[in-house]
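Next come the chains, spelled out residue by residue.
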Amino acid sequence: MTSLASTPPADIASYVPEPIAGDFLNKHIVTVGQFSRTDLEQLFAAASSLRTRVRQRDRGVGEIAAGTVMSLLFFESSTRTDLSFQAAMRRLGGEVVGVSNGIQFSSTYKGEDLHDTVRAAGCYADVITLRHPEAGASMLAAKYLDQLAEKIGRRPVVISAGDGIGEHPTQALLDLYTIFDLGGSLDGRAIAMVGDLKHGRTVHSLARLIHACAPSGTALNLISPDCLRMPPEIVELCRGADIAVLETDQIAAALASSDIIYWTRVQEERFADIASYDRIKDDFVMTPELLQTCLPNALLMHPLPRKHEMGTRDDHDLLDADPRSVYFQQMENGMFMRMALLAKVLRGAHV
Amino acid sequence: MTSLASTPPADIASYVPEPIAGDFLNKHIVTVGQFSRTDLEQLFAAASSLRTRVRQRDRGVGEIAAGTVMSLLFFESSTRTDLSFQAAMRRLGGEVVGVSNGIQFSSTYKGEDLHDTVRAAGCYADVITLRHPEAGASMLAAKYLDQLAEKIGRRPVVISAGDGIGEHPTQALLDLYTIFDLGGSLDGRAIAMVGDLKHGRTVHSLARLIHACAPSGTALNLISPDCLRMPPEIVELCRGADIAVLETDQIAAALASSDIIYWTRVQEERFADIASYDRIKDDFVMTPELLQTCLPNALLMHPLPRKHEMGTRDDHDLLDADPRSVYFQQMENGMFMRMALLAKVLRGAHV
Amino acid sequence: MTSLASTPPADIASYVPEPIAGDFLNKHIVTVGQFSRTDLEQLFAAASSLRTRVRQRDRGVGEIAAGTVMSLLFFESSTRTDLSFQAAMRRLGGEVVGVSNGIQFSSTYKGEDLHDTVRAAGCYADVITLRHPEAGASMLAAKYLDQLAEKIGRRPVVISAGDGIGEHPTQALLDLYTIFDLGGSLDGRAIAMVGDLKHGRTVHSLARLIHACAPSGTALNLISPDCLRMPPEIVELCRGADIAVLETDQIAAALASSDIIYWTRVQEERFADIASYDRIKDDFVMTPELLQTCLPNALLMHPLPRKHEMGTRDDHDLLDADPRSVYFQQMENGMFMRMALLAKVLRGAHV
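Chains as they are written, first to last, in numbering that gives the first Met the number 0: chain V, 0 to 350; chain H, 0 to 350; chain W, 0 to 350.
Isolated chain V (complex conformation):
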């Protein structure tokens, strides 16, 4: 995929994705910046409705995307996102196509560029789910699909499934959906985000979506090592919307008052020296003991996969048994939210 290194960021800077503004039909989904509070409410209502219908084995669900095709373009692996998008499309009755031997082989082999690969997929499919290691790849894909439309008379759309250190908008959407779904509301709630808040794309996008909701009486407890704090522009953005932001490295104290706890990993390679990492590494681990100190009706979320930041395998088992741990419900919600998104993008349906 060395050929992709030649992609000039200039290509992307010029691309402005359309806001949803109440109408999802045939729109690329490449950034959380496209969503207003109303858009989110519509999307989440659709996700809950689809969940109910799936559980009731409503056969009409399988008609929603009938006759449409999704192409997977995963330039890197992501088990959960991949399976979740496929299951979402299939449950809607849509078709899914992907590259049999993995796309890495194909691209390395022939030195093919993203700009032609995405248009090839666009020739065969109505929607492309793109996962790519480079930031901006989704915007670039959107731009080239717009150009393709002039050739083939219809515009296939791209949905970002994560592009490098860029965005992973559907992860943020499912995270926020889970907060609304299991927490009831953002208003008056204290939301903790824990871990590497400097580099974590999921916490950045989630904070931006919370801001977009303009909630009332909401607090954000941003818990990180000092060198891994949330970027100041996001902090300022939230404060400008009357969200009470606390930045701290005192985990236990901040967790004690948090209704929602969003846990992420702190990676050793982000630290200037091993001593700095060693000083904090044991603190940024969620353990069964730490969870005991949290509010009895708190929600513990995690984007998964998890490693040492949730302790040992035995710790995992103990955490999983706690009713406050909702990361599996969060994972399942990912499928329902993606069903809602696909339904609205492909059919504009009021599902």
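If you are wondering where the hints come from, they were derived from the structure by calculation, not from laboratory data. Among the clues, some could well be false.
To be verified - Straight-line C-alpha distance at most 20 Å; calculated EDC-like pairs for lysine to aspartate or glutamate: (1) H:K142 <-> V:E62; (2) V:K142 <-> W:D316; (3) H:K306 <-> H:D277; (4) V:K142 <-> W:E246; (5) W:K142 <-> H:D277.
Start from chain V and add chains H and W according to the hints.
Chains H and W only, in chain V's frame:
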């Protein structure tokens, strides 16, 4: 997949899978020990019925699993098992999702454990087909899916597609189905198993299933090098059910009276020294000449893939042309048996 | 895949694929030599009809291949061909199965031969799409599927998706379809083929198909470096059908009178020495400037993927914007042509 090496066998020892006992609905399928003779008869009748309906292009077959989703989790490749499960689910009208770039990449890349991966798949799917290089992985998956059920309010099930030196239950089921289907009955038949009977999981499982059928007048001719004999506990098990067991390394003599011949490979690396292997290696090869010495209505089976244990490529062609060779029918039966299993597990249907 | 090296070419030489002769039902598709002009006209009419019906969202299209299964056997990657065949089968309502982790792993791992793998797929599927790095693999597959039919009582068919330096018949079919579709006719047209005409399987097959159409007043402008000229037997074949053939290395002059321009790559490794390559390499690049010198209603085609033979990434963008560039329409046509082929092979339908 180094992370999986940490799986303590203790996790599995404590898990007891449910016997089928006449009811397949929503049960994990992880060992041949779950099946009674009645269960097997029901399953095989369903397989034959589905085969007839597929050949008649009965459109109702495609309704049986409509609205359900199978997730493939293949941690190692297995062309036949993989394609066969997919074709089985699709022909029943069910949906199939899998990891686009192969799951090995994903796991290696992120160090994800089986226990979370299988629950991710469980969040999206109704049934998981698991292939894994480590023995006990299927039991472990069953245990964690049971735990997931407490979170998401429904229990996805796992069907083992082979776990290392552990079991490969659907292979044994399709083997036995083929014996019933093409051989008519186990009663009064002499069944030869040839090759490495010490390490071969397929012959172990098949012998256990034959025992579960409590046939009458059946003989087992166990033909192997002396150092690769069937484990004594399986031999005792069969003898305890009045099955006449002969253990021998005299291939031609034992084959001459065998109605069913189940051929497998003897691998060089199983021998203490090359001289021991060289002494027997040419004997444990099925050739067109050897097949000529067998009963005219014998059935020659093989789980495939095959290599030197069936001689050269030209030997393959000659063996294939012999009507006694039924390994391709055996392979096709694998799909129909898996259709029956999926139908019963997902719908409990009397198909 | 070292085991495949042992495939003796003798196996293939003896296999004669059936001509279509007006009836596609249940025939292997392995060479352009199977098609007459009438067959091509029927196929192209079906492709156009299916395209119209897909664009009108005609739900009947999804019934054409319902109840049938296609197995992908891609022994090497090919993003476009792979996605295109999958989308074609899915849009017809047929099912698609493939090897989860990529077939290369499986084969390398177990040393399995093509002759057994293709029959395994044949046991589960009605049609096999085979991509293989070795010439003749498709013929070999056809031969072994014919043998399988004697065992299982039905004959699955293979469609070649390219085998090494052998043929890639569906590429040639979609190329010719695009010439008819966008160019209207072959009669009286000048068709330029540019690049490595000695080794390029696409130009060989396309020239053979053009010959099969016995057009009137057609000219072939074969533009290549002198050392990479079209094989003389193909040149003679075309001349024998009253096609005016010009062989030249003067690109600009030959392009100036060409209605259809089929561009392909010249690879450095085909030259005896680097000096010979350096002497011609800049000439065999299609640039926006060169395209300006072509006829205003010329059609620029390319089988894709493309690299330096269409200049820089900025050149790509400029070429793409020119209405004469039809390689994306050509790519989309590939799906519709494959839909037509699958419909006719699986159902014999007058679609």
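Consistency of the hints with the structure:
1. H:K142 <-> V:E62: Since the Cα atoms of K142 of chain H and E62 of chain V sit roughly 35 Å apart, the hinted pair is violated (cutoff 20 Å).
2. V:K142 <-> W:D316: holds, 11 Å
3. H:K306 <-> H:D277: Since the Cα atoms of K306 of chain H and D277 of chain H sit roughly 17 Å apart, the hinted pair holds (cutoff 20 Å).
4. V:K142 <-> W:E246: violated, 40 Å
5. W:K142 <-> H:D277: violated, 35 Å
The structure shown violates the earlier hints numbered 1, 4 and 5.
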